[in-house]
Amino acid sequence: AQTVTQSQPEMSVQEAETVTLSCTYDTSESDYYLFWYKQPPSRQMILVIRQEAYKQQNATENRFSVNFQKAAKSFSLKISDSQLGDAAMYFCAFTKTSYDKVIFGPGTSLSVIP
Amino acid sequence: EAGVTQFPSHSVIEKGQTVTLRCDPISGHDNLYWYRRVMGKEIKFLLHFVKESKQDESGMPNNRFLAERTGGTYSTLKVQPAELEDSGVYFCASRRGGIYNEQFFGPGTRLTVL
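These protein sequence lines are chains Y and P, in that order.
Quick note on the numbering used here: the first sequence kicks off at 1 and runs consecutively.
Quick note on the numbering used here: the second sequence kicks off at 1 and runs consecutively.
So here's chain Y without its partners, still in its complex pose (with noise of 0.2 Å):
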């Protein structure tokens, strides 16, 4: 069965400052697809970044950019330039495949101090 975990259940970062969110998986699959969705409070959670298993390149949105360790089944988030609308539960989600169920982790709650 698949895994997620994330280490860090709260963050906290200075406004314009750069932080990493981590987040590892276990599984057996080769191919498989990887996210980070962020819920902002009272919001709804929407898809910041993905990550195809079979891409080396690791995945870049803007700010957004992962770092993507696929021996070491590594899927941390860095936001740079943060600022104060970053700040929201990011969780950290697998899928085998596009029709598969999203697996999630615990969730990181990051706070972005102004």
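Hints are computed from structural coordinates only; laboratory data are not their basis.
Each hint should be verified, as a subset may be incorrect.
[Stated by the list, open to error] Below 30 Å or equal to it, Euclidean Cα-Cα: the simulated DSSO-like pairs (lysine-lysine) are:
| # | chain 1 | residue 1 | chain 2 | residue 2 |
| --- | --- | --- | --- | --- |
| 1 | Y | Lys96 | P | Lys44 |
| 2 | P | Lys78 | P | Lys51 |
| 3 | Y | Lys96 | P | Lys41 |
| 4 | Y | Lys73 | P | Lys44 |
| 5 | P | Lys44 | P | Lys54 |
| 6 | P | Lys15 | P | Lys44 |
| 7 | Y | Lys73 | P | Lys41 |
| 8 | P | Lys41 | P | Lys54 |
| 9 | P | Lys78 | P | Lys44 |
| 10 | Y | Lys55 | P | Lys44 |
| 11 | P | Lys44 | Y | Lys70 |
| 12 | Y | Lys78 | Y | Lys55 |
| 13 | P | Lys41 | Y | Lys78 |
| 14 | P | Lys54 | P | Lys15 |
| 15 | Y | Lys96 | Y | Lys73 |
| 16 | P | Lys51 | Y | Lys96 |
| 17 | Y | Lys96 | Y | Lys70 |
| 18 | P | Lys41 | P | Lys15 |
| 19 | Y | Lys96 | Y | Lys55 |
| 20 | Y | Lys55 | Y | Lys73 |
| 21 | Y | Lys78 | Y | Lys96 |
| 22 | P | Lys44 | Y | Lys78 |
| 23 | Y | Lys96 | P | Lys78 |
| 24 | Y | Lys70 | Y | Lys55 |
| 25 | P | Lys41 | P | Lys78 |
| 26 | Y | Lys70 | P | Lys41 |
| 27 | P | Lys78 | P | Lys54 |
| 28 | P | Lys15 | P | Lys78 |
| 29 | Y | Lys96 | P | Lys54 |
[Said to hold, decoys possible] To be clear about the criterion: a stretch of chain Y counts as covered by chain P if any three or more of its residues have a C-beta under 8 Å from a C-beta of chain P, and this derived list gives those stretches:
| # | segment |
| --- | --- |
| 30 | 44-54 |
| 31 | 104-112 |
Where is the CB? At the ideal position from N, CA and C, for every residue including glycine.
Place chain P on chain Y using the hints.
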């Protein structure tokens, strides 16, 4: 385009009562998923519809939970009778068919069973 909507946003019921949650997916999305997060734990998959058919219901906790998706549009999740441990946030997500893998999540329904 309108996002995934869920109704109600919050429901408070007493143990033993029945509650029905509703999810309206994004128009044209054949795939609909239900998840829940209980007691601050991980978000867990409940089931997956493809149009009106149940593709995967491996996450349904017991037979007190009944999900339907008549006509392949909106879906309902009924809990009957509700127990204390059913309290949590129930999320719905929808996804377009094909290889594009993003699931779009609704805001969730917070269920409190007293």
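Tested hints:
no. : hint              : result
1   : Y:Lys96 / P:Lys44 : holds (15 Å)
2   : P:Lys78 / P:Lys51 : holds (18 Å)
3   : Y:Lys96 / P:Lys41 : holds (22 Å)
4   : Y:Lys73 / P:Lys44 : holds (21 Å)
5   : P:Lys44 / P:Lys54 : holds (17 Å)
6   : P:Lys15 / P:Lys44 : holds (22 Å)
7   : Y:Lys73 / P:Lys41 : holds (22 Å)
8   : P:Lys41 / P:Lys54 : holds (25 Å)
9   : P:Lys78 / P:Lys44 : holds (17 Å)
10  : Y:Lys55 / P:Lys44 : holds (27 Å)
11  : P:Lys44 / Y:Lys70 : holds (24 Å)
12  : Y:Lys78 / Y:Lys55 : holds (18 Å)
13  : P:Lys41 / Y:Lys78 : holds (24 Å)
14  : P:Lys54 / P:Lys15 : holds (28 Å)
15  : Y:Lys96 / Y:Lys73 : holds (14 Å)
16  : P:Lys51 / Y:Lys96 : holds (21 Å)
17  : Y:Lys96 / Y:Lys70 : holds (14 Å)
18  : P:Lys41 / P:Lys15 : holds (21 Å)
19  : Y:Lys96 / Y:Lys55 : holds (15 Å)
20  : Y:Lys55 / Y:Lys73 : holds (14 Å)
21  : Y:Lys78 / Y:Lys96 : holds (23 Å)
22  : P:Lys44 / Y:Lys78 : holds (25 Å)
23  : Y:Lys96 / P:Lys78 : holds (28 Å)
24  : Y:Lys70 / Y:Lys55 : holds (10 Å)
25  : P:Lys41 / P:Lys78 : holds (21 Å)
26  : Y:Lys70 / P:Lys41 : holds (26 Å)
27  : P:Lys78 / P:Lys54 : holds (15 Å)
28  : P:Lys15 / P:Lys78 : holds (14 Å)
29  : Y:Lys96 / P:Lys54 : holds (19 Å)
30  : 44-54             : holds (count 5)
31  : 104-112           : holds (count 4)
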